[in-house]
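Number of protein chains: 4
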Amino acid sequence: MGMVGGGRGAFIGAVHRMAAALDGEIELVCGAFSSSPKKAKLSGKDLFLPADRCYGSYEEMIKKEKELPEGERMDFVSIVTPNHVHFGPAKMALQNGFHVVCDKPLSFNMKEAKELQRLVKKTGLLFALTHNYTGYPMVKQAKVMIKKGKIGKIRKVVVEYPQGWLSTRVEATDSKQAAWRTDPKKSGIAGAMGDIGTHAENLAEYMTGLQITKLCADINIMVEGRRLDDDGNVLLEFDNGAKGILFASQIAAGEENALRIRVYGEKAGLEWAQMEPNSLIVKWLDKPMEILRTGFGNLSPEAQNATRIPAGHPEGYLEAFANIYRNFAISLRAIINGKKPKAIYMDFPSVEDGVRGMRFIEKVIESGKSKQKWMKF
Amino acid sequence: MGMVGGGRGAFIGAVHRMAAALDGEIELVCGAFSSSPKKAKLSGKDLFLPADRCYGSYEEMIKKEKELPEGERMDFVSIVTPNHVHFGPAKMALQNGFHVVCDKPLSFNMKEAKELQRLVKKTGLLFALTHNYTGYPMVKQAKVMIKKGKIGKIRKVVVEYPQGWLSTRVEATDSKQAAWRTDPKKSGIAGAMGDIGTHAENLAEYMTGLQITKLCADINIMVEGRRLDDDGNVLLEFDNGAKGILFASQIAAGEENALRIRVYGEKAGLEWAQMEPNSLIVKWLDKPMEILRTGFGNLSPEAQNATRIPAGHPEGYLEAFANIYRNFAISLRAIINGKKPKAIYMDFPSVEDGVRGMRFIEKVIESGKSKQKWMKF
Amino acid sequence: MGMVGGGRGAFIGAVHRMAAALDGEIELVCGAFSSSPKKAKLSGKDLFLPADRCYGSYEEMIKKEKELPEGERMDFVSIVTPNHVHFGPAKMALQNGFHVVCDKPLSFNMKEAKELQRLVKKTGLLFALTHNYTGYPMVKQAKVMIKKGKIGKIRKVVVEYPQGWLSTRVEATDSKQAAWRTDPKKSGIAGAMGDIGTHAENLAEYMTGLQITKLCADINIMVEGRRLDDDGNVLLEFDNGAKGILFASQIAAGEENALRIRVYGEKAGLEWAQMEPNSLIVKWLDKPMEILRTGFGNLSPEAQNATRIPAGHPEGYLEAFANIYRNFAISLRAIINGKKPKAIYMDFPSVEDGVRGMRFIEKVIESGKSKQKWMKF
Amino acid sequence: MGMVGGGRGAFIGAVHRMAAALDGEIELVCGAFSSSPKKAKLSGKDLFLPADRCYGSYEEMIKKEKELPEGERMDFVSIVTPNHVHFGPAKMALQNGFHVVCDKPLSFNMKEAKELQRLVKKTGLLFALTHNYTGYPMVKQAKVMIKKGKIGKIRKVVVEYPQGWLSTRVEATDSKQAAWRTDPKKSGIAGAMGDIGTHAENLAEYMTGLQITKLCADINIMVEGRRLDDDGNVLLEFDNGAKGILFASQIAAGEENALRIRVYGEKAGLEWAQMEPNSLIVKWLDKPMEILRTGFGNLSPEAQNATRIPAGHPEGYLEAFANIYRNFAISLRAIINGKKPKAIYMDFPSVEDGVRGMRFIEKVIESGKSKQKWMKF
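Going down the list, the protein sequences come from chains A, B, C and D. Under our numbering, the first sequence has 149 at position 148, and the numbering climbs by one with no breaks. Under our numbering, the second sequence has 241 at position 240, and the numbering climbs by one with no breaks. Under our numbering, the third sequence has 294 at position 293, and the numbering climbs by one with no breaks. Under our numbering, the fourth sequence has 142 at position 141, and the numbering climbs by one with no breaks.
Chain A extracted, bound-state conformation (with noise of 0.2 angstroms):
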């Protein structure tokens, strides 16, 4: 693994090295960390890399890496820089017939969006998108029980991603992680949409299997000063009828991480709950209300398969984010080996979710201006 951004002081791309060295599948072998020159050598003696796989861009990067011989080159570029810097390196990978992990949203917007969708298409490269909330072994128990009938046909879906860390302008502080995200040159046309409304968004679809296709968005901006929406409620329609509410605030004071997703069928309700997530809540209408918990043996194989240590070992954020790398490194070894990678292992975000999110992107911040009521997604 080869990656882009996640240099010294940045935040995800210490998770995602985390995430891809839990199971000794994946080595980290060089990165282009910092746009500055100086920067990205420190930040790779830091992680014990040689000074030779430390490069100045992810352009040299890719560049030399493509000329190293096979076996030693990397197999993949993991991309965590901010948003505006995901399609440049995600494009010249796939052009050199590097796979990709990339960090979300997909890109600074749709165009970039549908190009790489393009070019994965063409190249028939291996692509994950760190829609890390897929991970967990309880989404996973809940998207195969809906997906077997078991709660009945969906009436209404309930995702709520609140968080309040920018309850206060921070990014007048030099808080780097609020800055970018904040910044439209950055970040794109949404704030906190983009940023964790679409992980409500990619929840929401992948647990259900449902696609949205309506919209009513009302989009915030409630600290002053502010030049992205920071808070949004929006109301949904899904395909099969289902209607729903998504909400996402990074000014709701007080919360860490709140992502819930709550599902109601026919027959039953799934409650999930990101800040506790190894319980899924089955609240029947005719019998006791289970609770379902990572690490029994009575799940789904796609929740096992995501499940490392036994029940009551509580498994959290990075164990989630790392099954996304787990998956991905053994697809791509069967690949490597030339076989088919099963389906099991090939349960990762991918490149038409990242194109899916930026729609969400592109409909709520529109829906949100207009004073029509639905907008079709």
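I should point out that these hints are in silico values taken from the structure, not numbers from a laboratory. Every value quoted in this text rests on a predicted model; they were computed, and no experiment measured them. A hint or two may mislead.
Identical chains blur together in the list; that is why a pair holds if it fits in one copy or across any two.
With a straight-line cut-off of 20 angstroms between C-alpha atoms, the simulated PhoX-like cross-links for lysine-lysine are [stated by the list, open to error]: (1) Lys-149 <-> Lys-288; (2) Lys-154 <-> Lys-343; (3) Lys-374 <-> Lys-215; (4) Lys-151 <-> Lys-288; (5) Lys-215 <-> Lys-372; (6) Lys-112 <-> Lys-154; (7) Lys-151 <-> Lys-374; (8) Lys-374 <-> Lys-364; (9) Lys-154 <-> Lys-122; (10) Lys-370 <-> Lys-215; (11) Lys-64 <-> Lys-42; (12) Lys-215 <-> Lys-92.
For chain A, the structure is supplied; the task is to place chains B, C and D on it using the hints.
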């Protein structure tokens, strides 16, 4: 107290009686428990009432009681009938000098609501509407904290009321409760939105001290053959610029009575859930989360006045309901004794709250049918 | 009902009155509310009782009420005084043909307990001891499940009752509640163990249907200057060979009233906590954990009989307390009407439970002082 | 790092590898993964190790690695075998100059423990015992708060570790994990008390800074045919006079891995549960209960050092385990570089903790067999 409705087989009538009895402040002295004279008599007997105080109709009750000497006749009327039988007894009671406690929503339609509002104003009689959830101590605690500015200016309100008991067409069975609630002739223009949506609306306005000024509603009938809404998702705007979401559903399979509210201000978020009513969660921006608990000495006088027993001895739905009755009774006794009731006891939902609830019903149903995004409240 | 104790400033007297009033089955008709005649009269006035039914002593009350015609005089005596004033009124009531409801523990010492047991047996009068926690619906549900063998043979019981309110020497302030509970002349030989330890013992035996046969206790006074135990840890053995732990503490700083029990059988574990009383957690060995909830139709008749309102409308401490009174009242009415009370209504703690509680106090204090490991119960 | 044990089919070996890999500080370079040479080679291959670093025995590994040039050979040995194979490799590693990480309990018996303690002292090599639960950030936060006197003098400690997985005679099936844990030749004199009781003992002493001075144990075998204890209840006394309860059980049907501790001081109570590890509940005597959360900036440096990601991104068992390895690795690097490791990194369980754990096993089993009440620790 004389009761209208609440005969054998009724639900809310028994609740009102337990709530009224709990504190020993109120005695049930007569009733018109049923439109069937025989059932009315039997119900009265169940309740150990003398036969001559069990009337065949509310008209008879009000007329006969009025003829009794003061001190012997009922002091007020409690109306616990379905929505279409609120107006008649309330109007007649007011016109004959009886104070009134009335179940929610206030009336069958807005016209009736306005007329009751006019009569209350004209007669100066006490009128309480049993939006019972405002009777919980921690709801009052939240209200006081917000009023005092503890959480700063409010930015976002999320209020939800999911139930699952109408997930199937229960009204086609012999459920008396489901039957009238889904019957436009008895319930009015709204189903879930009237039955529980108004509770959510009332709770949000009571707790925050804000008023809804605009809304955008998606109102649904999810169970085939049903005649009134059983689900609705609503975007809100409040008079201080805060935004919000209200949803109410009776097809949220597996949910019991999960009224919950979250209020986010500039400094903190508050969370309260009816099913765990003795905790108020306060999530501060820059200090640890606190859990305030019913019965602790550090709560506001309003919360303490609504509490009967020490912390850790859970108080529930009936106690909150009883708080409406107790405040009403204490205020009424003051009035009877020629005194001005204290503000802390005048803390119960009024006919004005009832009119707002009726407007909510009107507007939310109108918005649900409209292609216009925002509707003025 | 005539009440002994419970005048102004008392705690448990008001609880008994609310519990007795809730269901409209019982009327408070007289009382000897205080040993101070003046306070007794004032307390009676607070409760809207006629002056001639507010007596200056329990002796006077029992004597005068007996002289009243049947139908007019009280049917039973409710004793809500501190421990040292249980025996006198209970004995006199029984000797004069009045049924009795008595607060726990049964008496000041074992000798009194035995005498009351003898009198109840001799007179055939109804006697209820208010171990109120057995009144909760989910406690009854657990009892029924265990009796039916749902969780298999019981192997382990963990029952705990931590409170924190005596963490400082509150009895040195003006706390009436703390004063008598820590006074050997009023409380008896035990402090915390008598006040709440007996609740834990009673709950464990009631729920499991087992009896403690041996115990090994560590009994402590943690607050300097206190005269009775405020903390204790006890190892238990039950008559079927199961082992267990009981602990009760009033110096568990910050705890409210956290009575909790876990029962582990061969097939499943049950967990119930008084502070979240409407849930019963069932942890199965080989299927998902279930949460049973008060108010659901799938519960046992015993649990349903103890429930007043639908699921999701929380019932609490007063409702559970009221279940003791309601069952007592319904059974008493049957007896008055010359019928045999139904088993489902005879479900309230008896004088025998009271004698077991007194033996628990005796043995646990004896064991606390002993160097011998196990003490026979 | 060279690993002893942890071949195919093992549980804790994989945990150690993930924990060691997570932070990119440690590289697995060799192993003696199994006593079967064939299995050892295959396990090494699974882990992408070169064949010549996959040894057939720990003796071979230590000998051969020692012959490798510095910088190439392993820096330390990680021992993840069953209890009876801790002493051999640990002793040989220490005698040959290798630092050691060893799974708990320290050894098969006290004699071995003392000998290892002597060797560590003599050689001055680093030795970490993986009492992994002390690696959780909120455990460290509690330790710091207690040390600073925030909760006052400790009066009571309740530590419990219920599991249910040995509720049936699993060792009679093909469960490798159950087999050795219930085999006195591999596990030692204790079953549950050694496997998980020592974790509870270690957690209590680590968090409180107190030492157990006396205990009174009831030790049981609940499953017929089992050879070692599967359940135990223990009364405790600590060196400051505090009292406590420790219980550990593997027949608590339906429990997962429910290690939980409550510490009550004069001013507040603390509560932490391994299954919800990112919260620390602080129950104050006279202010609202607080929930401290992993990832918040207001925590102690010790807690922050043990945290990788922001609040609301749950960290779990593997992260806590990795904290032991990371602290060990950072301290080791300091030593290798000739520096004194910082105190904050030397925060991992030591050989002394291991000796205390072995004494706990010895005493708790002895007490279980004794008729004497208290046994000195």
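To see whether the hints hold, each was checked on the structure:
1. Lys-149 <-> Lys-288: both (19 angstroms within a copy, 19 angstroms between copies)
2. Lys-154 <-> Lys-343: Result: close neither inside a copy nor across copies, 28 angstroms intra and 45 angstroms inter.
3. Lys-374 <-> Lys-215: For Lys-374 and Lys-215, both the intra-copy (10 angstroms) and inter-copy (14 angstroms) Cα distances are at most 20 angstroms.
4. Lys-151 <-> Lys-288: Both. Shortest intra-copy (13 angstroms) and inter-copy (16 angstroms) distances satisfy the 20 angstroms Cα cut-off.
5. Lys-215 <-> Lys-372: Both, since 15 angstroms and 13 angstroms are each at most 20 angstroms.
6. Lys-112 <-> Lys-154: neither (35 angstroms within a copy, 40 angstroms between copies)
7. Lys-151 <-> Lys-374: So Lys-151 and Lys-374 fail the 20 angstroms test inside a copy (33 angstroms) and across (36 angstroms) alike.
8. Lys-374 <-> Lys-364: Cα proximity of Lys-374 and Lys-364: in one copy and across copies (12 angstroms, 15 angstroms).
9. Lys-154 <-> Lys-122: neither (33 angstroms within a copy, 50 angstroms between copies)
10. Lys-370 <-> Lys-215: both (15 angstroms within a copy, 16 angstroms between copies)
11. Lys-64 <-> Lys-42: within (17 angstroms within a copy, 37 angstroms between copies)
12. Lys-215 <-> Lys-92: neither (31 angstroms within a copy, 46 angstroms between copies)
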